[in-house]
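Build the full structure now, drawing on both the sequences and the hints.
There are 2 protein chains.
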Amino acid sequence: MSRALEGIRVVDLSHVLAAPITSMFMADLGAEVIHVEPPRGDDAREFGPFVGEAGKNRSGYFISLNRNKKSMVLDLRKEAGKKILRQLIEVSDVLLENYRPTTMRKLGFSWEEIQEINPRIIYASISGFGQYSLPGYDSRPSYDMVAQGYSGLMSITGPEGGQPCRVGSSVGDIFSGHQAAIGILAALIHREKSGKGQHYDGAMVDGLFAVLENAVVRHTVNGEIPGPLGSRHPSITPFQSFKTKDSWIIAAIGNDVLWARFCEVIGREDLTGDPRFRTNRLRTEHVKELVPIISEEISKKTTKEWAELFAGADLPFSPVNSIKDICADPHIRYRNMLVEIEQPRVGRMTIAGSPIYLSETPGEVYAPAPLLGQHTEEILRNILNYSQIEIDRLKQEGTISGEV
Amino acid sequence: MSRALEGIRVVDLSHVLAAPITSMFMADLGAEVIHVEPPRGDDAREFGPFVGEAGKNRSGYFISLNRNKKSMVLDLRKEAGKKILRQLIEVSDVLLENYRPTTMRKLGFSWEEIQEINPRIIYASISGFGQYSLPGYDSRPSYDMVAQGYSGLMSITGPEGGQPCRVGSSVGDIFSGHQAAIGILAALIHREKSGKGQHYDGAMVDGLFAVLENAVVRHTVNGEIPGPLGSRHPSITPFQSFKTKDSWIIAAIGNDVLWARFCEVIGREDLTGDPRFRTNRLRTEHVKELVPIISEEISKKTTKEWAELFAGADLPFSPVNSIKDICADPHIRYRNMLVEIEQPRVGRMTIAGSPIYLSETPGEVYAPAPLLGQHTEEILRNILNYSQIEIDRLKQEGTISGEV
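Residue numbers (numbering that gives the first Met the number 0), protein chains in the order written: chain A, 0 to 403; chain B, 0 to 403.
Hint data in this document are derived by calculation from the structure and do not stem from the laboratory. Errors might be hidden in some of the hints.
The list cannot tell twin chains apart, which means a pair is met if one copy fits it or any two copies do.
Pairs of lysine to aspartate or glutamate, EDC-like flavour, derived with a Cα cap of 20 Å [unchecked claim]:
(1) K394 / D269
(2) K244 / E304
(3) K244 / E295
(4) K81 / E389
(5) K81 / E111
(6) K394 / E377
(7) K394 / E78
(8) K323 / E223
(9) K242 / E159
(10) K77 / D391
Structure (structure tokens):
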């Protein structure tokens, strides 16, 4: 089976999470991703959980994000390292990085300079506040947490009336990683017609701001300042978790047809006729009166009992699954969303699969994550036509390195 | 300025949020998106906040998601409506929908049938559990809340030791919307070589499972069951919000170099030498001892004072911004992440812009959201070459309609 992005080469200067998500999507879809790491390695190699023999010194975190990629170690503080990077840029379709904007400029790889090396390249940058930004913002260091706090997302996540919470996964990085993939692929499509590359300038703060959905319009339209609502949806009701006899169940009643059926299942057909609850808009206005009535009913049965009743009535519902529950879930297994890989120096391990289900060219995990600099020599030899003598000299100078 | 996806036509049967996010990205990038709505309209037209005159009867939520798109009303319960949809499919590049899998099959638009109409089309479906799924799962209704609960994301979001919380925006829908855009664009690139379309089968549950990042490996590697951690990161320390004298500030200390500088700024250089805190891995192991020490120091100054100190030391930090703060933020304004549109029947309103910053073909808001069926006649006339007599007959039969 062929892969969608076969033949596309990505020079990937990324680290940790945001841009590595972008190159993960591209590698899963068949692009050749060359992850260029500094001699000390991508910072993510130091993040837990750790696996493998010899003191469990391999990062499971790094492995899960860097499957399917190649690793090359280049010391970009050395002129010889920069020269190799320039040669890679010449023969690649995409250059990806998520350093601070000032870092790449200082290294001599601004968009102006890169265009001169290869005018057809798509240069994708992800940073906290963007390349094109207010004075000083381009040198501001950023992490997911910074974007979650700065963007406003944290202020609407958490218990109602309580302390703002971080989303349990690093969505500030991960959304901007998705958005960069969209930008790069759109730019590749455009290049077919224009023949020209371009610069993608992603900002993590913007990426999260763009997905606040109704919170933004509620403020711009009504001056509202949305706060955290626990598990409740701000404009759809009832749409939240309720405590059952033994745990929690989510009921997601998204329209009036479902509402009528829901009332029947919980034995409160009388609510359907109640003028306070007739439409979604009214139910949301009267949420404080409605939720105690429903909670009272839901507390009378177990999660399993309600699950059967809700399923029987074709209502949208879910238990609140733990990570253990979902990793053992038959749906996740059936959809191949957990895959086993044979990881060098580690052995068999299980990581999340690709959500990009394409019938002819699905995203796939087809190779493990690389050791640090595992492909340095191979890339110099096969892509850039370096001789073994040159390679040995670069190694001796410390410009390149690699585990074998 | 040209747009990246100019010349690509999308027939968009989507509703509410997941697939509308996909078509929003595509429309922002210049694709012609024809949002085909049932006579009662996309459900999102009933979701608040409401704007406009005549009883504030327009959904600001719908408007923010459907800018740049066209709207056509087709009654797909009628054979004549299906016929028009088939004709649209014949002349389009992408067909997008997020009904339950069984719905499209019942209507006669399974992937097998659509391929026969147009073998070059990319057919993208988003559903809760996927088209290819365990028996019964393909007819399961789903909403964002269901995916947040089912995927495990809710179980790791919320106060430490407390009740699981929903992420404050509908990330179950929004991630799968991003992923479908990635799948579609990759499939369009592949079609250049293969000449063939394919089916994208997105599942909201899979889409969220795929972004749980370290939570999954921590379980598969160590058998851990991660729970909610408030604002704290599970494997980077210190990386959370701390209470200042007057509010909250986030410190995101992602590596050992930053750690040394952070200790200096808070006046606790002694911590750098403490063997419990020497590396990120050690700090994470000893988080329960470390956080009280830091909290004590941070409580001594205001957020503004710490912000200046952290900025001076080039440390990653952020205040926890409210939605009001971020909507008034100079960075968001500078990056054009809030744009004003002139919306018919509403007037001027402000919505979030596009995060897809491409230097030559940026994502842009260039048109307001359509009235219900605003473009029905225009599309029949200009794209499908219907005569006015035919159009009038379809209108009379109730197959088509449209606000003008």
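Hints, one by one, checked against the model:
1. K394 / D269: Intra 79 Å, inter 39 Å, cutoff 20 Å: neither.
2. K244 / E304: Cα proximity of K244 and E304: one copy only (10 Å, versus 48 Å across).
3. K244 / E295: within (10 Å within a copy, 41 Å between copies)
4. K81 / E389: Intra 15 Å, inter 66 Å, cutoff 20 Å: intra-copy only.
5. K81 / E111: So K81 and E111 pass the 20 Å test inside one copy only (16 Å; across, 51 Å).
6. K394 / E377: For K394 and E377, the Cα distance is within 20 Å only inside one copy (13 Å; across copies 66 Å).
7. K394 / E78: Within one copy, since 14 Å is at most 20 Å while 70 Å is not.
8. K323 / E223: Classified as between; 8 Å across copies, 38 Å inside a copy.
9. K242 / E159: both (16 Å within a copy, 19 Å between copies)
10. K77 / D391: Cα proximity of K77 and D391: one copy only (16 Å, versus 73 Å across).
When each numbered hint is compared with the structure, a violation occurs for hint 1 only.
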